[in-house]
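Chemist: Take these sequences, add in the hints, and give me the full structure.
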Amino acid sequence: MKPVHVAGETFYIPGITNVCLYKDYILDPSNNENVDWDSPLPVKTALISHCHTDHFWNGAKLHARGVKIYAPREERSMIENTAVNTNGNFCWAVPPESMLPWYFRKICCPVDDTLDRLVSPIKVVPLPGHSQWQCGFLTPDGVFYVADSMVTKKVWDTKHIVYYTSVPDARKSLETIIRSKAEFVLPSHGVLLNRDQAVELAEVNLKGIDMLEEAVIAILGREERTVEEMVSLVGRKLGIRDDFSMHIVCETTVRSMLYMLNRRKEADYELRGHKVYWKARP
1 MKPVHVAGET FYIPGITNVC LYKDYILDPS NNENVDWDSP LPVKTALISH CHTDHFWNGA
61 KLHARGVKIY APREERSMIE NTAVNTNGNF CWAVPPESML PWYFRKICCP VDDTLDRLVS
121 PIKVVPLPGH SQWQCGFLTP DGVFYVADSM VTKKVWDTKH IVYYTSVPDA RKSLETIIRS
181 KAEFVLPSHG VLLNRDQAVE LAEVNLKGID MLEEAVIAIL GREERTVEEM VSLVGRKLGI
241 RDDFSMHIVC ETTVRSMLYM LNRRKEADYE LRGHKVYWKA RP
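Numbering (UniProt numbering) for the sequence shown: 1 to 282.
Each computed DSSO-like pair below joins lysine-lysine, with the alpha-carbon atoms no more than 27 Å apart:
id	residue 1	residue 2
1	Lys207	Lys172
2	Lys159	Lys237
3	Lys153	Lys237
4	Lys106	Lys61
5	Lys275	Lys265
6	Lys159	Lys106
Computed beta-carbon distance windows for the label pairs:
id	residue 1	residue 2	range
7	Asn87	Lys154	30 to 36 Å
8	Lys154	Val119	37 to 43 Å
9	Gln132	Val276	17 to 23 Å
10	Phe244	Pro168	23 to 29 Å
If you're looking for bench data, these hints aren't it; they were derived computationally from the structure. Just so it is clear, the structure is predicted and the values come from calculations on it, not from any experiment. Every residue, glycine too, gets a C-beta built ideally from N, C-alpha and C.
Modeler: Here it is as structure tokens:
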């Protein structure tokens, strides 16, 4: 598919995971189905936003042709060896293959250097929350590639939840997008947005996070509940699809919410009988 011009020397290729191009840079060598990854591409450097496989699905192919790969320093090991991320979600025990969703597929990508050492006209912008060290990229043409820091309204309407490792950081990243002076914003999954559309969608995502927080607080109530109980009750209340793919999303985000409430001194936990019980503070 021919790249779509955005501004100046910045282009993008829409797909299941968008690819952004600036001169000889590619932002996220992803699983984009509209790129012929087996043919030589006119790029010398690939920048990876974070450690989820759909964002570096074809990075190894580019690396084999001499493309230099940069990634967040703290997530480098999870990109070079995806088992580091996968097993971490299962308390470092190796899970059965049947429990692993597609986004934990064993696809690894060599990393040459880290984004904090990048010398480039592209600005690296920290956008944590979805993953702990996710970054976005701002091209000199005023195009802000924001990776998975915000999702479409359709995701909120149909899936009712988003994967967050840190809810407070996710909120801050959305506020970063709102404050940005970028003329165009490109999420990894969704359409190219102008500034007004990006602000509107960021606010939709902030409201979605508020909805999730309200649901977790309401379900926690004054009862003692384990994490598994909370995940089950939140999943059923929100009508989240009952499979391992969405269960991992639900558990991660519910844990993130509980940990946030504890840091805000709104919830406490207690280990008793080899179960961790959570309870809202009076």
